[in-house]
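Undergrad: Residue strings, one per chain:
There are 2 protein chains.
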Amino acid sequence: MYYVGIDVGGTGVKAGVVDESGRIIAKATIKTAVEKGADAVMEDMAEVAGQAVEKAGLTMEEIEAIGIGIPGVLDPATGIVPFCTNLGWHQVPVIERMHELTGRPIYVDNDATVAALAESVAGVSAGVKNSVFLTLGTGVGGGIVIDGKVYSGTHGVASELGHHITHMGGEKCTCGNRGCWERYASATALIRMGKEAAAAHPESALAKFTDLTAKDVVDSAKAGDETALAVFDQYTEELALGMVNIINFLDPEIIAIGGGVSAAGEFLLEPIRQKLKKYVFYKDLPYSEIKLATMGNDAGIVGAAMLGRKDA
Amino acid sequence: MYYVGIDVGGTGVKAGVVDESGRIIAKATIKTAVEKGADAVMEDMAEVAGQAVEKAGLTMEEIEAIGIGIPGVLDPATGIVPFCTNLGWHQVPVIERMHELTGRPIYVDNDATVAALAESVAGVSAGVKNSVFLTLGTGVGGGIVIDGKVYSGTHGVASELGHHITHMGGEKCTCGNRGCWERYASATALIRMGKEAAAAHPESALAKFTDLTAKDVVDSAKAGDETALAVFDQYTEELALGMVNIINFLDPEIIAIGGGVSAAGEFLLEPIRQKLKKYVFYKDLPYSEIKLATMGNDAGIVGAAMLGRKDA
Chain A
-4 MYYVGIDVGG TGVKAGVVDE SGRIIAKATI KTAVEKGADA VMEDMAEVAG QAVEKAGLTM
56 EEIEAIGIGI PGVLDPATGI VPFCTNLGWH QVPVIERMHE LTGRPIYVDN DATVAALAES
116 VAGVSAGVKN SVFLTLGTGV GGGIVIDGKV YSGTHGVASE LGHHITHMGG EKCTCGNRGC
176 WERYASATAL IRMGKEAAAA HPESALAKFT DLTAKDVVDS AKAGDETALA VFDQYTEELA
236 LGMVNIINFL DPEIIAIGGG VSAAGEFLLE PIRQKLKKYV FYKDLPYSEI KLATMGNDAG
296 IVGAAMLGRK DA
Chain B
-4 MYYVGIDVGG TGVKAGVVDE SGRIIAKATI KTAVEKGADA VMEDMAEVAG QAVEKAGLTM
56 EEIEAIGIGI PGVLDPATGI VPFCTNLGWH QVPVIERMHE LTGRPIYVDN DATVAALAES
116 VAGVSAGVKN SVFLTLGTGV GGGIVIDGKV YSGTHGVASE LGHHITHMGG EKCTCGNRGC
176 WERYASATAL IRMGKEAAAA HPESALAKFT DLTAKDVVDS AKAGDETALA VFDQYTEELA
236 LGMVNIINFL DPEIIAIGGG VSAAGEFLLE PIRQKLKKYV FYKDLPYSEI KLATMGNDAG
296 IVGAAMLGRK DA
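Top line first, the protein sequences correspond to chains A and B.
In terms of my numbering, the first sequence opens at residue -4 and continues consecutively.
In terms of my numbering, the second sequence opens at residue -4 and continues consecutively.
Isolated chain A (complex conformation):
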């Protein structure tokens, strides 16, 4: 059986035909015409899905279902996107409209949840019942897989792991609260911490960058710069303690890490593992493994497609 996955981003729409096992057969992409509004973008989504199906040598009738990953909040049951800042959408009935345009069963979920499903079907968490996926980028996105299925909660708003509060009264967050984990554990946070440290330590390698990136902080730490190492140590501390919270809530078998900061690889994971050893509640019992996500840019297409698999 074949499925189509559509990954809708602020700059591009990617569609792919995916088989039962999560392998991509054919792909097509188009720029996201955000300025033309939701209806035009959905017509493009249907168009690019059709192109991918044609490239795969199939017809739309041979597609079991179409899954869509949206960069925002939505109710997977009704398929209505109440708002999506990146796309400028408001109260958009995605399932209804995309079904009209394609004639196929439509499934939607948010992009982090979709990526979690991709890792769970064909990536680092393949075959694992309970897993959590984290994406460390501008913010911290989270996806939860329980019993092999994506868990979206009662009202579709679960797994907002970046907005769980680890520092009550701390840094102001975009969500209106203070002290959300993503203020301390995102790439944005790593950059902020790096800039603060650079200002305090003009002798540091960090002070030489005019527009410091998360990669600059990581590279400077790898090169042994003391200030960068201290910043990175604090950053992995924040990450590790948030992961303790994930373990104390959900006790997943694997916590998979993706997103920009995950490019640091084992240099990122090893200190987290060392810290978790100290911080987990039950020190004599096994606990979650921390691994790098492996699906990369394909996660959006594959995960969206797998939303249509009956057992996912």
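Hints are supplied without guarantee of correctness; some may be wrong.
[Unchecked claim] Mimicking EDC-like on lysine to aspartate or glutamate, the simulated pairs with C-alpha atoms at most 16 Å apart in a straight line are:
hint : chain 1 : residue 1 : chain 2 : residue 2
1    : B       : Lys203    : B       : Glu221
2    : A       : Lys26     : A       : Glu42
3    : B       : Lys270    : B       : Glu221
4    : B       : Lys305    : B       : Glu38
5    : B       : Lys305    : B       : Glu30
6    : B       : Lys273    : B       : Glu221
7    : A       : Lys286    : A       : Glu265
8    : B       : Lys124    : A       : Asp142
9    : A       : Lys124    : B       : Asp142
10   : B       : Lys144    : A       : Asp142
11   : A       : Lys278    : B       : Asp70
12   : A       : Lys144    : B       : Asp142
13   : A       : Lys22     : A       : Asp39
14   : B       : Lys278    : A       : Asp70
15   : B       : Lys124    : B       : Asp142
16   : B       : Lys217    : B       : Asp142
17   : B       : Lys273    : B       : Glu232
18   : B       : Lys305    : B       : Asp14
These are calculated hints, taken from the structure and not from any lab test.
Since the structure of chain A is provided, determine the placement of chain B on it from the hints.
TA: Relative to the frame of chain A, chain B by itself:
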């Protein structure tokens, strides 16, 4: 069909025969002979289960399964309790031994999880797919029900909600970490905050108690004492923000509150609901209802019994 539930506490062992719907048919209790060790306590557990079955006018062969709630960590799959401070147990094979003693299929889980199941089968969360149960006592215990089943995680250590960190670097916790939610949201925390406020405000009603209890703080706040009201306001703030974390992780339909502090009733719940309105991530979408648990002291027996129900 009939089930036996056994609620093992540090002072007493309670057993009850429970029907399919979570109704208790007969009960029996015995003091917990902690000093005699795990084997003696398990013999007493089998004994008191037998007494309850006899009172119900049944024989052990008519009992579908026996469920046991343990006040500590354990692996529900193997039934081994690695350690339980309250009972002084270490590496106790509860399923194996209790099966030898009773001949019935045995299920075990920790007491907060068992209480969550009781509320989900026959209490405030009856008929609800996803719910969280919190017990506000000496610590903060948590139980998670997903899709009508208790969720214990991959290694049996999920739902340690009291030990999720809300104040990184904050108050030292019994678990070795700092800033765990239960340091701010338990009855113990309410007492600590009350004592600190009493010392700072000798004019307060709180300063009149020689051995301040959580109930004293609640009663003084209800009576309008300004210091007590400020303490209670801070306490409900801590509770509400931890519940925001529960919502951002799990988006349950209901968060049910039990334990000593829940005796404050609507006086506790109303400020939490007001604060949640401000703090939830998606302010235009529906979110968890906050309700009082209704099973009281029977939660342990009923929830343990329901562990044996095939669909629970």
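Undergrad: For every hint, state whether the structure bears it out.
TA: Each hint, compared with the structure:
1. B:Lys203 / B:Glu221: Within the cut-off at roughly 14 Å; holds.
2. A:Lys26 / A:Glu42: 12 Å, holds
3. B:Lys270 / B:Glu221: Roughly 19 Å separates the two Cα atoms, so the pair is violated.
4. B:Lys305 / B:Glu38: 26 Å, violated
5. B:Lys305 / B:Glu30: Not OK: Lys305 (chain B) and Glu30 (chain B) at ~35 Å, beyond 16 Å, violated.
6. B:Lys273 / B:Glu221: 23 Å, violated
7. A:Lys286 / A:Glu265: Status holds; Cα separation ~10 Å.
8. B:Lys124 / A:Asp142: Holds. Lys124 (chain B) to Asp142 (chain A) sits at ~15 Å (cutoff 16 Å).
9. A:Lys124 / B:Asp142: Distance ~15 Å between Lys124 (chain A) and Asp142 (chain B) Cα, so the pair holds.
10. B:Lys144 / A:Asp142: Measuring from Cα to Cα gives roughly 11 Å; hence the hint holds.
11. A:Lys278 / B:Asp70: 14 Å, holds
12. A:Lys144 / B:Asp142: Roughly 11 Å between the alpha carbons, so the hint for Lys144 (chain A) and Asp142 (chain B) holds.
13. A:Lys22 / A:Asp39: 14 Å, holds
14. B:Lys278 / A:Asp70: This hinted pair holds, its Cα atoms lying about 14 Å apart.
15. B:Lys124 / B:Asp142: Between Lys124 (chain B) and Asp142 (chain B) the Cα gap is close to 4 Å, so the pair holds against 16 Å.
16. B:Lys217 / B:Asp142: Outside the cut-off at roughly 38 Å; violated.
17. B:Lys273 / B:Glu232: Between Lys273 (chain B) and Glu232 (chain B) the Cα gap is close to 11 Å, so the pair holds against 16 Å.
18. B:Lys305 / B:Asp14: Given pair Lys305 (chain B), Asp14 (chain B) holds - Cα atoms ~13 Å apart, limit 16 Å.
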